[in-house]
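Peer 1: Below, each chain spelled out in residue letters.
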Amino acid sequence: MKILTCISHVPDTNAKIPFKDGQPDLNGISFVIAPYDDFALARAVELRDQTKGKLTVLNVGLADTEPTIRKALAIGADDAIRVNAHPHDAFYVASQIAAIAKQENYDLILMGRESSDFNGGQVHGMVAEMLGLPCVVPCMKLDLNGNVAVMQREIEGGKEIVEVALPFVAGCQEPIAEWKIPNMRGIMSAKTKPLKVVEPVAVENYTRIIKYEMPPQRSSVKMIDKDNIGELVRLLREEAKVL
Amino acid sequence: MSNVLIYVEAENGAAKKSSLEAVSYGAAVAEMLGGKAVAVAAADLSADHAGELAKFGADKVLHFGGTVNQSSEIAELVAAAAQQENAAVVVTAKSINADGAVPMIGVKLKASVATNVTALPDLSNGFVVTRAAYTGKAITQVSLHSNVKVLSIKKNASGTKEYNKPLAVESFNANISASKITVKEVKKQTGEILLPEADIVVSAGRGLKGPENWGMIEELAKTLGAATACSKPVSDMDWRPHHEHVGQTGIKVSPNLYFAIGISGAIQHLAGVNSSKVIVVINKDPEAPFFKSADYGIVGDAFEVVPKLNEALKAAL
Ligand SMILES: Cc1cc2nc3c(=O)[nH]c(=O)nc-3n(C[C@@H](O)[C@H](O)[C@H](O)COP(=O)(O)OP(=O)(O)OC[C@H]3O[C@@H](n4cnc5c(N)ncnc54)[C@H](O)[C@@H]3O)c2cc1C
Ligand SMILES: Cc1cc2nc3c(=O)[nH]c(=O)nc-3n(C[C@H](O)[C@H](O)[C@H](O)COP(=O)(O)OP(=O)(O)OC[C@H]3O[C@@H](n4cnc5c(N)ncnc54)[C@H](O)[C@@H]3O)c2cc1C
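So the sequence lines, in the order shown, correspond to chains A and B.
In terms of the numbering used here, the first sequence has 219 at position 219, counting the first letter as 1, and numbering is strictly consecutive.
In terms of the numbering used here, the second sequence has 121 at position 121, counting the first letter as 1, and numbering is strictly consecutive.
With the rest of the complex left out, here is chain A:
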């Protein structure tokens, strides 16, 4: 069983990101595996162990993402690929992943539901379409039964149980697995696990980010006394006009 997990390298979710001249100022901000990708990775490690298979992690990024890739190796991936390119947009990233997957014929490609920086929620669907594979998003549970996966998928107001034969792509979210913290042995062995750097395939760019801004700030909070609840109702109706 060959499993691929794609990870994005994103600012720590606790970080407050300042924006300077329309660009995020990422100086001094620590980077992590995006939270949803961490769920995908954790389940991929479990499935690799169950099937005695092989797990590869893949990132499209410049050399500064290597510590994040090493962390995924420490968590349990067997080897890694970095496509040496700035991840221009989702289509660019998906084209790189698809190019590698076409050669490698993975049985299972697990990704996060969405990256936590650009929040596109697109790469999995694009890769699936490029490879002609089914895509299950958001996947909350994934069990293998031979060649078939049984999954729980979130839908509005509930969930559904779906079945699909390998190979396929899934975009994962909790509670698919518990996030794994690397242990000392993992950290040591990660240093020597293979990390292959490959050059990107050429892809046309369809998008360009012009600028980032902070979302509009709320004016300061109006406090209402707990013994004067009627006032809140009045303000919601007359001032905010939302009732």
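Check each hint, because a few of them may be wrong.
As the list claims (entries may be wrong) - Here chain B is said to cover these stretches of chain A; the calculated rule only asks that three of the stretch's residues, wherever they fall, bring their Cβ under 8 Å from a Cβ of chain B:
hint: 1; segment: 11–25
hint: 2; segment: 109–123
hint: 3; segment: 126–133
hint: 4; segment: 150–156
hint: 5; segment: 165–178
hint: 6; segment: 217–224
Keep in mind that the hints were calculated from the coordinates and are not lab data.
Beta carbons: idealized from backbone N, C-alpha and C, even for Gly.
Assemble the complex: chain A is given as a structure, and chain B with the ligands must be docked to it using the hints.
Peer 2: Showing chain B with the ligands alone in chain A's frame:
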């Protein structure tokens, strides 16, 4: 090439409110481009309801007789309709199935894709969309420069608008290959207001102490016609179902009114709710960080404040 194609999803036979917003959004873009707004819907939209789309701005409705349940099927339907109509822009409302279809539509039509779009595009210099990024911590302007553009819009990106257009429903045929995904079972709470669709959301956190205390939250939601939501630890502990969990790792909502009751206001929670129009926070701790991101706040014990608020609302509404 200046037409706009809008994918419409339905619930119980009628178009979802978010899809009606998408129709009005698409009609506004079509006006900017000097083209027509064409809606496409499958059989989940009943024939009686198809005509209603004209009121929200559709010049024409393509009605497909079959059903499309999986994202790949939606993608095939929408791509076929977009090709027939020579659409320059495809619009969908954010929903779990449409979100899955959008990237596939992008690849099929060799289109650029923008998700989480929060406003009408700016056409003064190319085609520039505004979208939410960094999980609500930023908004970003992205220029799209392929011939075809696919936009997935967030709730309240433009709102609905009333139009006075004649009704024009055409039946539409497309060859949709059956999805390789088999649905074995659907577990859905019926009669509930869907969280991403709701205008008002009543959300509660760990401050409520236990699942047995959600009665007053459900009562309040009922009075307001609101959906219920919760913080992550609450769904992690199974006090509430997972599909109610909002935030960075849950559902992102942008209702008109969001009540946060017994929720501290962690950055990851705010990420999913801070694009709500108006936020009301009820917390017993005056130092709770959520007050800094609220419009209205009440310091008090939820067990005392919520029932009183419910009574006051019942009397007023
Ligand atoms: C300086 C800068 C400029 C940028 N400019 C643009 C721009 O002009 N247009 C634009 O669209 N984006 C731009 N981006 C964001 C871009 O790099 C995104 O990371 C990329 O578009 C994919 O993000 P997404 O949110 O669409 O991914 P999603 O579709 O939300 O990701 C889904 C899943 O795909 C996988 N995945 C995502 N990214 C990667 C990756 N790099 N490697 C491996 N797996 C991955 C993960 O498993 C992830 O959970 C820019 C970023 C930076 C830092
Ligand atoms: C990567 C990552 C992703 C995350 N994603 C999410 C996410 O998507 N969504 C999310 O919600 N969290 C998320 N979290 C968790 C988040 O950091 C917080 O831990 C969580 O939001 C706290 O939930 P809470 O506010 O319900 O609980 P607490 O932080 O415990 O707050 C409870 C609040 O209730 C108040 N309170 C107590 N008793 C009463 C009473 N009787 N009446 C009124 N108020 C009372 C307290 O003053 C307190 O402010 C994430 C964390 C990480 C690290």
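Peer 1: Hints first: check each against the structure and report whether it holds.
Peer 2: Now for the hints, and whether the structure bears them out:
1. A stretch counts as covered by a chain when three or more of its residues have a beta carbon under 8 Å from one of that chain; for the segment 11–25 of chain A and chain B the count is 7, and the coverage holds.
2. For the segment 109–123 of chain A, the stated coverage by chain B holds: 8 residues have a C-beta nearer than 8 Å to a C-beta of that chain, and at least 3 were required.
3. Check on the segment 126–133 of chain A: 4 of its residues sit with their Cβ under 8 Å from a Cβ of chain B, so the three-residue criterion for coverage holds.
4. Counting residues of the segment 150–156 of chain A whose C-beta sits closer than 8 Å to any C-beta of chain B gives 4, which meets the bar of three, so the coverage hint holds.
5. Coverage of a stretch by a chain is defined here by at least three residues with a beta carbon nearer than 8 Å to that chain's beta carbons; for the segment 165–178 of chain A and chain B the count is 5, and the condition holds.
6. Counting residues of the segment 217–224 of chain A whose CB lies closer than 8 Å to any CB of chain B gives 6, which reaches the minimum of 3, so the coverage claim holds.
When held up to the earlier numbered hints, the structure conflicts with none and fits them all.
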